[in-house]
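Novice: So you can see what is in the structure, the chains are spelled out below.
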Amino acid sequence: MRLGVCYYPEHWPESMWEDDARRMKALGIAQVRIAEFAWSRIEPTPGEYDWDWLDRAVDVLAQAGLEVVMCTPTATPPKWLIDRHPDILPVGADGRPRAFGSRRHYDFSSPSYFEASRVICKAVAQRYGNHPAVAYWQTDNEYGCHNTVVSYSAAAVQRFRQWLKARYETIDALNRAWGTVFWSMEYRSFDEIDAAIATVTEAHPSHRLDYRRFASDEVARYNRMQVEIIRAHSPGRPIAHNFMQLFTEFDHYPVARDLDIATWDSYPLGALEEQWFAPEVKQKYLRTGHPDFASFNHDVYRGMSKLPFWVMEQQPGPVNWAHWNPSPLPGMVRLWSWEAFAHGAGCVSYFRWRQAPFAQEQMHAGLNTPDNRLDMGGSEAATVAHEIAQVEAAHADANDDVRGKVALVWDYEAKWLFEIHPQGADFFYPRFAFEYYSALRSLGFDVDIVSAHAPLDGYAMVVVPPLPIVPDDFAARLTASGAHVVLAPRTGSKTDSLQIPHNLPPGPLAAVLPVRVWRVESMRPNVTEPVQVNGDAAGNGHARHWRDLIELADAQHATIHARFADGHPAYVQSGKMHYFTSIFDESLTRTLFARIASEAGLSPTPLGNDVRVSHRGGIAYVFNYSNATHTIDGVTDARFVIGTREVAPQGVAAYRMT
Amino acid sequence: MRLGVCYYPEHWPESMWEDDARRMKALGIAQVRIAEFAWSRIEPTPGEYDWDWLDRAVDVLAQAGLEVVMCTPTATPPKWLIDRHPDILPVGADGRPRAFGSRRHYDFSSPSYFEASRVICKAVAQRYGNHPAVAYWQTDNEYGCHNTVVSYSAAAVQRFRQWLKARYETIDALNRAWGTVFWSMEYRSFDEIDAAIATVTEAHPSHRLDYRRFASDEVARYNRMQVEIIRAHSPGRPIAHNFMQLFTEFDHYPVARDLDIATWDSYPLGALEEQWFAPEVKQKYLRTGHPDFASFNHDVYRGMSKLPFWVMEQQPGPVNWAHWNPSPLPGMVRLWSWEAFAHGAGCVSYFRWRQAPFAQEQMHAGLNTPDNRLDMGGSEAATVAHEIAQVEAAHADANDDVRGKVALVWDYEAKWLFEIHPQGADFFYPRFAFEYYSALRSLGFDVDIVSAHAPLDGYAMVVVPPLPIVPDDFAARLTASGAHVVLAPRTGSKTDSLQIPHNLPPGPLAAVLPVRVWRVESMRPNVTEPVQVNGDAAGNGHARHWRDLIELADAQHATIHARFADGHPAYVQSGKMHYFTSIFDESLTRTLFARIASEAGLSPTPLGNDVRVSHRGGIAYVFNYSNATHTIDGVTDARFVIGTREVAPQGVAAYRMT
Amino acid sequence: MRLGVCYYPEHWPESMWEDDARRMKALGIAQVRIAEFAWSRIEPTPGEYDWDWLDRAVDVLAQAGLEVVMCTPTATPPKWLIDRHPDILPVGADGRPRAFGSRRHYDFSSPSYFEASRVICKAVAQRYGNHPAVAYWQTDNEYGCHNTVVSYSAAAVQRFRQWLKARYETIDALNRAWGTVFWSMEYRSFDEIDAAIATVTEAHPSHRLDYRRFASDEVARYNRMQVEIIRAHSPGRPIAHNFMQLFTEFDHYPVARDLDIATWDSYPLGALEEQWFAPEVKQKYLRTGHPDFASFNHDVYRGMSKLPFWVMEQQPGPVNWAHWNPSPLPGMVRLWSWEAFAHGAGCVSYFRWRQAPFAQEQMHAGLNTPDNRLDMGGSEAATVAHEIAQVEAAHADANDDVRGKVALVWDYEAKWLFEIHPQGADFFYPRFAFEYYSALRSLGFDVDIVSAHAPLDGYAMVVVPPLPIVPDDFAARLTASGAHVVLAPRTGSKTDSLQIPHNLPPGPLAAVLPVRVWRVESMRPNVTEPVQVNGDAAGNGHARHWRDLIELADAQHATIHARFADGHPAYVQSGKMHYFTSIFDESLTRTLFARIASEAGLSPTPLGNDVRVSHRGGIAYVFNYSNATHTIDGVTDARFVIGTREVAPQGVAAYRMT
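Protein chains in written order, with the UniProt record's numbering: chain A, 1 to 658; chain B, 1 to 658; chain C, 1 to 658.
What the hints contain is simulated information worked out from the structure, not anything from laboratory work. Using N, Cα and C, we set each Cβ at its ideal position, and we do this for glycine too. Take these hints with a grain of salt, some might be off.
Said to hold, decoys possible - With the Cβ distance kept under 10 Å, some of the chain B side facing chain A (calculated, not the full set):
{"no.": "1", "residue": "S40"}
{"no.": "2", "residue": "P73"}
{"no.": "3", "residue": "D94"}
{"no.": "4", "residue": "H146"}
{"no.": "5", "residue": "W321"}
{"no.": "6", "residue": "N325"}
{"no.": "7", "residue": "E361"}
{"no.": "8", "residue": "T369"}
{"no.": "9", "residue": "S481"}
Based on the sequences and whatever the hints tell you, model everything.
Specialist: Printed below as a string of structure tokens:
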């Protein structure tokens with residue numbers, strides 16, 4: 001468990017650097033990320049590099065005993081490069097290039113940019129690849145931020161055609177797979193295919209899904225190029241990328257597979273404001289963030305990182321980029337930091353050392369204010385550093401890996417598919433996955449978030465949010481795992497080509513679940529449907545958004561546990577397979593998850609909305625997001641590692657489980 | 001009364017065709033519409049036609065005893081044609097061509113497309129014009145769907161200039177008619193005139209209205225071309241087009257005049273979700289549709305069809321294209337079918353035979369599921385077929401024409417004008433026309449919906465929703481009809497050039513109604529104005545949206561029946577002319593309509609919101625949209641033709657009136 | 001105090017002119033504005049002027065004894081000019097030229113238009129510069145209307161680069177001032193700089209602010225060109241421009257400095273509907289307008305006019321351009337007219353003489369209806385004319401200047417800055433300034449609205465709405481004034497380059513206010529924070545939108561008068577400086593302003609929401625916006641100049657103060 005910080009020596013007079021480094025070290029910072037936006041200083045004139053300043057900055061940090069996370073600067077190509085190669089700019093759905101003047105103004109498919117990136121990455125990797133202080137690398141910065149994955153440039157379309165040719169081989173195969181006979185959309189060659197934008201009404205969903213898959217693959221290809229260059233020139237240094245919460249335009253799993261460390265940038269207050277949460281939820285958690293949001297992301301990136309995942313950027317105070325930017329309550333920076341470690345983080349790195357007084361992010365807090373005084377977040381970071389030292393000294397298992405007994409499947413393609421093909425306008429995949437996660441966390445479970453392609457052995461319970469396209473071996477893996485499995489509606493509802501399965505949904509899962517979804521309906525937000533759970537009045541609730549209307553192919557081997565008022569099944573079980581035909585309200589979801597977990601041999605512990613528990617090594621961590629003190633019962637004083645049984649609002653406690 | 005179905009042989013293996021045809025016939029289907037989206041199969045390569053498959057498909061249907069409605073395939077030009085003639089693509093108000101990849105991607109003004117359409121229509125008409133199974137034709141498909149009437153292409157602007165020259169002859173006449181002296185918008189020649197888009201603030205309303213008229217005329221011109229080709233090659237076969245509910249970008253009347261059958265595509269649930277109805281209305285009628293919406297459209301197309309109108313596409317289950325797509329309640333497919341027949345339909349044709357598992361509409365239900373089992377809608381269609389046979393066998397007048405005693409004027413130009421020139425942001429013409437229609441239906445009346453140019457003889461009551469431009473002979477026809485006439489506010493408020501009449505509104509109607517509208521005001525949605533009806537406390541209510549402030553030119557020959565709280569007249573009568581100066585709430589509208597109808601010698605029968613009655617031949621049909629059983633009083637058991645006096649929710653009954 | 005009217009002889013048959021002029025005079029009209037949209041009639045063919053009609057129109061008015069306000073016709077360049085010089089069209093943020101077909105379709109930076117404007121202005125000024133009836137001039141019409149100040153044309157970018165070069169001299173200086181090192185946005189020459197649009201995420205705020213400053217300067221440059229031409233050819237005639245309420249895309253102060261009279265166009269009902277007011281406020285003041293809105297604007301333009309300001313266009317009835325357009329209550333046209341005079345207006349000029357029956361504004365009322373009968377507004381104008389004559393005859397001080405003891409600072413740059421850099425999405429500067437103004441007016445004060453650069457001597461109280469960039473001498477002027485000063489949050493929060501001050505906010509004001517704003521937060525609309533005023537239970541309230549979290553640099557010389565529930569200071573005083581750290585609710589704002597005003601030796605007189613009082617010369621004017629009669633106490637009957645102590649709803653009274 002280490003602390004880090006993001007630092008921009010190029011933003012400050014060189015006279016400040018030594019003092020900055022000294023104070024970082026004194027605060028308990030172990031590593032410093034630099035240079036991810038410094039291209040215009042590294043190469044101020046085309047082809048003429050200026051390494052001097054960066055050499056000196058690295059040396060100053062090294063001499064203070066800090067490790068460096070060196071970045072490739074490709075997220076911000078300089079103006080002269082754009083002027084030389086205007087085709088670098090990505091093209092929006094409106095057909096217009098997105099201009100220079102902020103960041104991420106590049107097209108992953110631009111040959112010019114691919115080549116320019118190669119050159120600058122190689123230059124940086126050669127210069128610092130073997131510097132003793134450079135302990136880690138970061139490629140680029142926040143792929144996908146500002147919706148920059150999907151471009152509609154001529155270069156992208158050209159590469160898309162090649163991608164299609166590789167996938168389908170013949171145009172006839174593509175026509176069949178997509179079903180282009182509908183509306184006379186048949187193609188005679190791959191060269192006739194465009195980007196499926198600006199159409200009169202919705203474009204072909206299979207076409208659109210393939211374009212999204214292609215765009216995602218382009219990110220992985222681009223990142224792989226950088227990784228290979230760094231590996232060649234800086235052997236042995238782990239390589240990371242900082243993913244961004246719910247920037248789901250590309251599949252994070254294949255990118256992470258090429259890396260050593262999956263990291264992410266955690267901004268709990270900005271995320272709360274910008275995500276789907278209802279206004280009253282945004283009000284309630286205004287200055288704390290939602291109790292499950294950072295955790296959800298920790299578990300996402302834990303699940304795809306080879307080494308322990310990191311938080312590469314941790315919110316240290318108010319940010320600048322949300323519609324409204326409140327100030328975190330005192331204690332929250334400490335709480336968020338410990339929450340990351342409790343979920344298995346190897347490092348929490350604060351963004352940024354000192355608030356910059358200029359440019360787009362001048363209202364983004366740092367550990368220090370622009371007038372260089374330690375800010376509230378800085379003080380809390382110091383507390384965390386102190387606590388880490390104490391915990392690590394006393395508990396050899398503090399840095400153990402985290403592994404849950406409950407798995408939740410998380411899938412990027414599902415997000416794209418429901419976006420392209422919603423059938424109900426508010427069918428928003430991340431929200432549904434998050435609600436399931438939140439329900440599991442409210443029952444006290446550590447949750448492993450896994451890809452649909454991940455091994456499932458060893459789990460007692462596997463929860464599958466709506467997963468329209470299931471891998472070929474999914475049914476087999478689910479069954480082989482021995483876990484109780486919860487399948488959400490729409491799971492197995494589409495083939496890999498975005499068609500309806502020949503046997504109707506749940507398609508290949510019908511082999512393990514004797515259900516036929518003969519009709520579906522989506523419901524507007526002001527419509528809910530009462531659900532009656534058999535023999536369990538307490539479990540009644542209501543359903544929202546969607547209903548699969550099902551019939552049982554084999555009624556002898558299936559039990560209907562709940563029905564809608566009109567008699568249609570709401571929840572059916574067959575062996576260890578549990579099928580929900582709708583999205584239930586929060587309370588009913590928790591009730592059913594608890595019931596299924598118990599059947600799976602787990603012990604759900606209801607925690608309510610605002611207290612959360614995580615386990616790492618032999619230590620349980622308790623986080624109090626509420627406004628009232630939370631009392632931990634049944635733990636002797638001696639077992640407390642951090643805090644006491646009385647956990648104050650925004651407080652943290654930790655105790656040995658035995 | 002016949003049933004039909006829409007079928008796409010090109011979507012299915014040829015091995016399925018015979019069984020499909022056999023099952024259609026067994027279900028009671030009489031006619032099958034085909035080929036409207038099949039261009040890429042008919043002409044897979046430029047100039048090379050492949051008729052074989054279509055010949056075989058037509059033969060299979062014919063051999064099963066089914067009649068064919070053959071379509072021209074022009075709604076979906078194939079990719080190769082677009083690539084050869086990119087000027088086919090329509091241009092949006094953003095100046096950008098709308099791309100290939102869905103449907104209706106053509107500009108009615110494109111010379112290339114006009115010529116290409118001629119060629120393909122002639123080819124299809126020559127091939128099947130005299131095929132014994134081809135009993136009917138459909139031109140194109142759903143003109144106006146996806147806002148495709150108005151294009152801003154160079155070709156459209158060029159033709160607009162010609163259209164203007166034909167209309168105004170000299171540029172001075174145009175300048176005067178439009179009033180271009182305002183803001184120095186004067187033109188020196190027709191060639192200076194553009195499309196009135198992208199202007200700094202609102203463009204000239206007369207200019208915009210003429211552009212809309214021009215675009216509407218282009219649709220009629222294009223359709224007429226197709227009709228002429230079909231008539232030449234397939235004499236004696238009635239020609240239809242399937243209009244779409246409230247797709248009002250073009251005037252349906254002149255297009256219908258060139259056809260034999262006006263048909264429309266009825267999707268009651270999708271329409272409810274996508275139209276103007278309030279959220280609570282959308283919730284209430286979620287799975288039934290609004291009780292008056294399909295009826296309104298039946299009466300619109302009945303009013304413009306030479307032969308009995310058809311429903312060319314009838315919703316058979318959930319659709320895919322609304323924001324939310326619920327499932328119709330059991331019984332609704334039968335109810336909707338009978339409702340169409342009760343309004344005079346010659347045919348109800350379900351869309352589609354079998355749900356396609358691919359492409360944009362894969363979530364659109366058919367009579368059969370994608371795995372080829374009869375779906376709920378299919379079963380109900382079979383019931384309807386059985387019932388038709390029984391009714392027709394016993395009742396010679398079952399197929400009589402429908403004719404009401406109440407006429408409602410429906411006008412497309414009014415829609416455009418209020419869209420261009422609303423003066424109150426929510427002054428939405430179709431809603432106001434619909435509300436008047438609904439009030440009349442709630443009083444038990446059969447309503448003829450007629451053009452402002454239609455003969456009015458024989459009606460007891462004529463209701464005129466806001467009609468800004470009245471035909472020159474309108475006042476004379478209203479008077480000559482002898483009917484009591486209800487005139488809504490803003491009627492007669494504009495000249496043909498979209499100017500204020502020299503005598504102020506109601507312009508030419510002042511000859512028969514001694515009113516001068518000296519001022520108007522529009523009111524925001526949270527403002528209503530109390531209305532006091534003279535001597536009739538029960539009739540009080542409130543007004544919304546709009547007020548005409550009037551003075552009476554001849555107070556001796558006019559009576560003020562209702563006033564606003566500030567004393568301005570709300571409802572004034574002069575002879576048989578009744579003028580409403582505002583849009584009244586639903587209840588007050590019904591009260592006043594009932595009162596005026598009684599004065600006109602009619603017998604209003606209040607039915608409430610959810611039960612509706614229609615009359616055809618000697619038979620009364622009762623439709624129950626409510627959730628409770630409706631009991632029909634005063635009809636002996638023996639008179640029931642369908643059902644009994646107890647009409648279940650979503651049920652239908654029919655009885656002989658004498 | 002004079003009445004005027006806007007007249008368009010070119011809209012009417014010449015046969016009507018004489019009667020129009022005669023009736024104007026009879027009504028009490030003294031001056032007539034003409035020709036501001038007449039270019040296509042003045043120069044119907046390129047280079048060929050037609051002065052005859054305009055000569056005759058001016059002569060007809062002159063012969064009736066009316067003075068003429070002659071306008072330059074540059075707000076509506078004719079089509080032939082656009083066709084010759086398409087670069088005249090301004091370019092939107094979407095990169096697309098805004099087209100001909102309405103008005104203001106020109107780019108202030110277009111060299112072609114600058115030259116064409118010179119030529120037409122010179123032609124008009126030469127023709128009428130010495131005409132005896134031409135007493136005043138108006139340049140162009142409503143600069144900024146329809147968001148036409150900021151253009152993104154190539155010409156604008158070219159001039160922006162020159163503007164930057166003039167401001168920064170070297171590119172290094174620009175890079176430093178903006179802080180372009182952030183995100184590698186550094187420029188190597190001025191020629192690399194573009195317009196900061198279409199960027200991937202938000203563009204650089206300093207870049208954007210400079211673009212807005214540049215665009216504003218372009219308006220002043222353009223207007224100055226017109227003024228110089230008019231002064232050269234029409235010496236001695238005062239020159240005006242009609243500004244438009246809250247069209248804040250350019251700084252009105254420098255434009256006004258080049259003029260003699262600042263005028264504005266007052267449309268109280270349209271403004272209420274289109275501005276930020278809550279729906280219930282829009283409902284309440286539907287037919288009166290907000291009691292402080294016109295007044296606010298009167299005081300804005302009074303504050304920048306060398307001669308007494310005018311209302312160049314006064315709403316005379318319903319307008320056409322708001323989303324909804326209600327009819328003013330009887331009496332409101334009179335009330336609005338007197339309200340203008342009470343605030344110091346030299347002229348109220350009604351728009352327009354007669355409602356035009358054609359084109360975009362055909363639904364805009366005039367003093368006469370389109371059928372040429374005097375409308376309600378016309379009658380009220382006649383009443384006002386009569387009353388003016390009486391008041392002026394009896395009261396020599398009726399036309400005195402107005403001067404308040406309370407100043408409110410109003411700043412256009414602040415509007416731009418918060419728009420570019422809001423940090424809280426609803427931080428809307430005009431609303432906050434207006435709310436402070438409204439609170440002061442509710443306490444009975446006459447308010448001088450002044451620029452941040454204006455002298456402040458003689459005021460007892462100065463109120464500063466959020467003013468992020470304060471002039472260098474601001475602190476000194478505030479202190480020297482001796483006034484009690486209220487500073488809103490975010491004041492002094494930015495340097496001139498849009499950076500955070502080195503000492504944090506309030507930056508240079510820290511010299512007179514010992515405060516350090518160490519953190520800020522913005523709050524979403526459903527969040528408010530309770531405020532506790534020390535020892536004053538009645539003064540408690542809540543805060544919205546924003547909090548500055550402050551520490552006191554010198555606690556001995558500062559008093560915390562109010563705190564938030566979490567202890568942070570809400571209101572702190574140091575000497576005569578009063579700092580609000582948040583935006584308080586209406587009631588608390590009034591309470592605190594009253595308290596500070598009393599401390600400043602003023603006598604606040606609470607008037608509630610709907611009655612307002614203004615003072616000019618020795619006369620107090622009372623305006624009743626409520627629905628109930630307002631009784632004026634303590635004034636003898638003999639002192640009443642207009643009306644009596646019982647002021648009816650929508651009524652006006654005036655009495656001598658002594």
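Novice: Next, verify each hint and record whether it holds.
Specialist: Results of checking the hints against the structure:
1. S40: 4 Å, holds
2. P73: 7 Å, holds
3. D94: Status holds, d = 8 Å.
4. H146: At 4 Å from the nearest chain A Cβ, B/H146 passes the 10 Å test, so the hint holds.
5. W321: Constraint on B/W321 satisfied, holds at 8 Å.
6. N325: This interface hint holds because 5 Å falls under the 10 Å limit.
7. E361: 7 Å, holds
8. T369: Holds: closest Cβ of chain A sits about 6 Å from B/T369, inside 10 Å.
9. S481: With a minimum Cβ separation of about 42 Å from chain A (threshold 10 Å), the hint on B/S481 is violated.
Hint compliance for this structure: hint 9 is the single one not met.
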